[in-house]
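Chain order of the listed sequences is A and B.
The first sequence lines up with residues 1 to 114 when you count with the numbering used here.
The second sequence lines up with residues 1 to 116 when you count with the numbering used here.
No lab work stands behind these hints, which were simulated from the structure alone.
The reader is advised that the hints may include incorrect statements.
Below are the DSS-like pairs computed for lysine-lysine, each with C-alpha atoms no more than 30 angstroms apart in a straight line [stated by the list, open to error]:
hint: 1; chain 1: A; residue 1: Lys-26; chain 2: B; residue 2: Lys-49
hint: 2; chain 1: A; residue 1: Lys-26; chain 2: B; residue 2: Lys-115
hint: 3; chain 1: B; residue 1: Lys-115; chain 2: B; residue 2: Lys-49
hint: 4; chain 1: B; residue 1: Lys-68; chain 2: B; residue 2: Lys-49
hint: 5; chain 1: B; residue 1: Lys-69; chain 2: B; residue 2: Lys-49
hint: 6; chain 1: B; residue 1: Lys-115; chain 2: B; residue 2: Lys-58
Note that the structure is a prediction, hence the values are computed from the model and not measured.
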Amino acid sequence: DAGVTQSPTHLIKTRGQQVTLRCSPKSGHDTVSWYQQALGQGPQFIFQYYEEEERQRGNFPDRFSGHQFPNYSSELNVNALLLGDSALYLCASSYNVGGPDTQYFGPGTRLTVL
Amino acid sequence: AQSVTQLGSHVSVSEGALVLLRCNYSSSVPPYLFWYVQYPNQGLQLLLKYTSAATLVKGINGFEAEFKKSETSFHLTKPSAHMSDAAEYFCAVSVSGSGNTGKLIFGQGTTLQVKP
């Protein structure tokens with residue numbers, strides 16, 4: 001049983017560029033959440049997707065957007081990259097059983113903005 | 001609003017010694033509480049979770065945590081540290097009840113160093 005997978009593992013971009021990160025959830029999971037983890041910090045919630053819609057959003061600007069596909073996989077898009085967007089981006093999947101289920105995390109995508 | 005405070009950003013123990021990592025939470029409604037571990041250059045792995053069943057929760061790799069409502073704490077312990085326990089540990093809270101999306105709020109993390 002494959003766990004949560006993310007691609008790419010590493011990415012280097014320059015300021016002002018746009019980036020797309022991808023996540024495939026654990027088999028049987030229908031909910032995907034994205035987190036940003038800056039160096040030396042705990043993960044910060046960006047947003048969550050369920051039934052192809054953004055269900056909840058954290059305190060992140062509109063430059064951060066996402067999408068969920070019918071197969072439950074998800075993308076995180078960041079526009080107009082800033083140096084401060086450099087971080088580990090974590091995807092977590094869970095099964096919405098009528099209440100919160102445990103979130104399982106992928107290995108993350110390390111984004112470096114130069 | 002919910003929040004998590006992890007006391008001590010860095011904890012150092014000798015191999016075989018007791019591990020105690022402290023976590024205090026703030027929540028206006030009954031919380032779900034989690035401990036995750038992160039090894040270098042990896043994602044987060046769930047150690048254990050509390051979801052209003054038994055207050056003493058046993059997890060993987062010999063770790064356990066006790067939910068104490070009166071102290072708003074959820075400290076993580078392991079009787080005997082192993083070198084492989086060296087990692088970053090995160091305490092997290094989410095809110096129970098209908099409509100909860102399971103959004104996790106994390107503490108700042110505690111780095112556990114295990115000395116031979």
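Evaluation of the provided hints:
1. Straight-line distance between C-alpha atoms of Lys-26 (chain A) and Lys-49 (chain B) comes to about 19 angstroms, which keeps the hinted pair within the 30 angstroms bound.
2. This hinted pair does not check out: Lys-26 (chain A) and Lys-115 (chain B) have alpha carbons roughly 36 angstroms apart, beyond 30 angstroms.
3. With a C-alpha separation of about 27 angstroms, the suggested pair Lys-115 (chain B) and Lys-49 (chain B) falls inside the 30 angstroms cut-off, and the hint holds.
4. Simply put, Lys-68 (chain B) and Lys-49 (chain B) have alpha-carbon atoms about 14 angstroms apart, close enough for the 30 angstroms limit, and the pair holds.
5. For the proposed pair Lys-69 (chain B) and Lys-49 (chain B), the alpha carbon gap of about 15 angstroms is at most 30 angstroms, so the pair holds.
6. The suggested pairing of Lys-115 (chain B) with Lys-58 (chain B) holds, with an alpha-carbon distance near 24 angstroms, which does not exceed 30 angstroms.
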